[in-house]
Amino acid sequence: MKVKLLYFASLADRAGRSEETRETAATNPRDLYAEVSRAHAFALAPDRVRVAVNGALTDWERALADGDEVVFLPPVSGG
Amino acid sequence: MRHFHLSDTPIDAAALRITLEDPAAGGCVTFEGWVRDHNEARHVTRLDYQAYGPLADDEGEAILDEARAKFGLRAARCVHRTGALSIGEMAVWVGVSADHRDAAFAACRWIIDEVKRRVPIWKNEHYADGESGWLHP
Numbered sequence: 001m002k003v004k005l006l007y008f009a010s011l012a013d014r015a016g017r018s019e020e021t022r023e024t025a026a027t028n029p030r031d032l033y034a035e036v037s038r039a040h041a042f043a044l045a046p047d048r049v050r051v052a053v054n055g056a057l058t059d060w061e062r063a064l065a066d067g068d069e070v071v072f073l074p075p076v077s078g079g
Numbered sequence: 080m081r082h083f084h085l086s087d088t089p090i091d092a093a094a095l096r097i098t099l100e101d102p103a104a105g106g107c108v109t110f111e112g113w114v115r116d117h118n119e120a121r122h123v124t125r126l127d128y129q130a131y132g133p134l135a136d137d138e139g140e141a142i143l144d145e146a147r148a149k150f151g152l153r154a155a156r157c158v159h160r161t162g163a164l165s166i167g168e169m170a171v172w173v174g175v176s177a178d179h180r181d182a183a184f185a186a187c188r189w190i191i192d193e194v195k196r197r198v199p200i201w202k203n204e205h206y207a208d209g210e211s212g213w214l215h216p
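Residue numbers (the numbering used here), protein chains in the order written: chain A, 1 to 79; chain B, 80 to 216.
If you're looking for bench data, these hints aren't it; they were derived computationally from the structure. For every residue, glycine included, the Cβ atom is placed at its ideal position computed from N, Cα and C. Wrong hints could be hidden among the right ones.
With beta-carbon atoms standing in for the labels, derived distance ranges [what the hints assert, rightly or not]:
#1 B:D87 to A:G16: 19 to 25 Å
#2 B:G209 to A:L57: 17 to 23 Å
#3 B:E100 to A:E61: 24 to 30 Å
#4 B:T98 to A:P46: 36 to 42 Å
#5 B:I166 to A:E20: 32 to 38 Å
#6 B:G209 to A:R38: 28 to 34 Å
#7 B:E111 to A:D31: 41 to 47 Å
Covered by chain A, according to a simulated footprint, are these stretches of chain B (three or more residues, beta-carbon under 8 Å) [stated by the list, open to error]:
#8 123-134
#9 159-171
#10 188-200
From the structure, some residues in chain B lie toward chain A, with a derived Cβ separation under 8 Å [stated by the list, open to error]:
#11 T109
#12 G112
#13 L214
#14 P216
For reference, chain B alone in the conformation it holds in the complex:
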């Protein structure tokens, strides 16, 4: 079963949260990344996300596998949107469950950082002045 997914439709956080449940887990930590209306002092009106699907799936799955081993998690999941998103929409969801909160907080943070660093997904920001640009940090 795969635990990392790309989605071209809105993310259902409530349905994902249920997949983290485990009788041995003492807590879960989730992170939602939202589309924000500004970046570096520019007014953002919408975003497009593009992904290299097959490699994004494999790299995302590898990150979750590494996180489970590194932090001793009971469950780890991540979904990232592709396509056109409006301000306020959820762009990414990360959720983990673990026996204790320290591991859950640390793992959730580690996963979103690794996803942003490694998974082949690109963001195109559309600005209020009509310009747009792919971000390549």
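Just chain A, same shape as in the assembly:
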């Protein structure tokens, strides 16, 4: 399965890119975050991160499908 990931803020800095398309065996965002955290040495624990799939906030156990756009959101700092 292939998913598209968008990275923002410190996660983009760590990953050295703002997006990637990734072949993965992860079936949900929880496993995918563990995988990309290892790949890019992300320091943020998952309990500090929110996840969006295809532009909407969702939960960590949601099933992923081929072609999904996944975004892991670090703690926000607008304003």
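The hints should help you fit chain B onto chain A, whose structure is shown.
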């Protein structure tokens, strides 16, 4: 019509204020967030804001919808900057109008707090010593 916007150009507060006008409103409250030259004892020289656009739009709109219902507002608007900002520039503008001032003050405060808590926007501070860092409170 959307009431929350991201903008990569300077915010026109005067033009936004006009959109709050309503014959039934007894007052409006606006808030401007400005780029400040220091944070936690460090000298800040400029900021970059990054946003996840589609979700920021939806989450910002949801906050304004919730505020209108919760406080009985006549109008509510918010614009947040993206991109590179200098010291003193307006980073965010919130404006509401309501029949009475209590609702307007409370709603304006509630909206900026919710925007800071929920909307996927990130601030990168550049410091006088050349370092920079994304804030993840």
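Status of each hint after checking the structure:
| no. | hint | verdict |
| --- | --- | --- |
| 1 | B:D87 to A:G16: 19 to 25 Å | holds (24 Å) |
| 2 | B:G209 to A:L57: 17 to 23 Å | violated (36 Å) |
| 3 | B:E100 to A:E61: 24 to 30 Å | violated (47 Å) |
| 4 | B:T98 to A:P46: 36 to 42 Å | holds (40 Å) |
| 5 | B:I166 to A:E20: 32 to 38 Å | holds (35 Å) |
| 6 | B:G209 to A:R38: 28 to 34 Å | holds (31 Å) |
| 7 | B:E111 to A:D31: 41 to 47 Å | holds (43 Å) |
| 8 | 123-134 | holds (count 6) |
| 9 | 159-171 | holds (count 3) |
| 10 | 188-200 | holds (count 8) |
| 11 | T109 | violated (14 Å) |
| 12 | G112 | holds (5 Å) |
| 13 | L214 | holds (4 Å) |
| 14 | P216 | holds (6 Å) |
Hints 2, 3, 11, counting from the list given before, are not met by this structure.
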